[in-house]
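K.L.:
Using our numbering, the first residue of the sequence shown is number 3, and each one after it goes up by one.
To be clear, the hints were calculated from the coordinates, so they are not data collected in a lab.
Check each hint, because a few of them may be wrong.
Beta-carbon label-pair distances, calculated as ranges [claimed, not checked]: (1) Asp46 x Asp6: 19 to 25 Å; (2) Gln64 x Leu20: 18 to 24 Å; (3) Thr19 x Thr48: 27 to 33 Å; (4) Phe67 x Asp26: 26 to 32 Å; (5) Phe67 x Leu34: 30 to 36 Å.
Even glycine gets a Cβ: it sits at the ideal position worked out from N, Cα and C.
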Amino acid sequence: MSYDNENRMATFAEDGTLNTYTYDSDGCKKALNVGGSLSTIICDGTDYLQVRGQTSAKTLHQGSFRVSAPM
């Protein structure tokens, strides 16, 4: 596990798969790369929309807490 210079998680390895996180200038997670599969994440400050290829999953957050799981 590693963190960027803003103390946000940058990489995380799980079961031999490397997960890489990137963030925008506001600190919102922008992209997630899991073993070569890229997900784009759109953040409006409170909600996140995760887009994976041709499908999407929406996860709602209140502050830093997830309040609903992906649909």
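K.L.:
With reference to the structure, classify each hint as holding or not holding.
P.N.:
Structure-based check of all given hints:
Between Asp46 and Asp6 the C-beta distance comes to about 22 Å, which sits within the given range of 19 to 25 Å. Separation of Gln64 from Leu20 is about 29 Å and departs from the stated range, judged on CB atoms against 18 to 24 Å. Between Thr19 and Thr48 the CB atoms are about 29 Å apart, so this pair conforms to the stated range of 27 to 33 Å. Distance hint for Phe67 and Asp26: a CB-CB separation of about 20 Å, inconsistent with the stated range 26 to 32 Å.
Take Phe67 and Leu34: their Cβ atoms lie about 18 Å apart, and the range 30 to 36 Å is violated.
Hint compliance for this structure: hints 2, 4, 5 are broken, all remaining hints hold.
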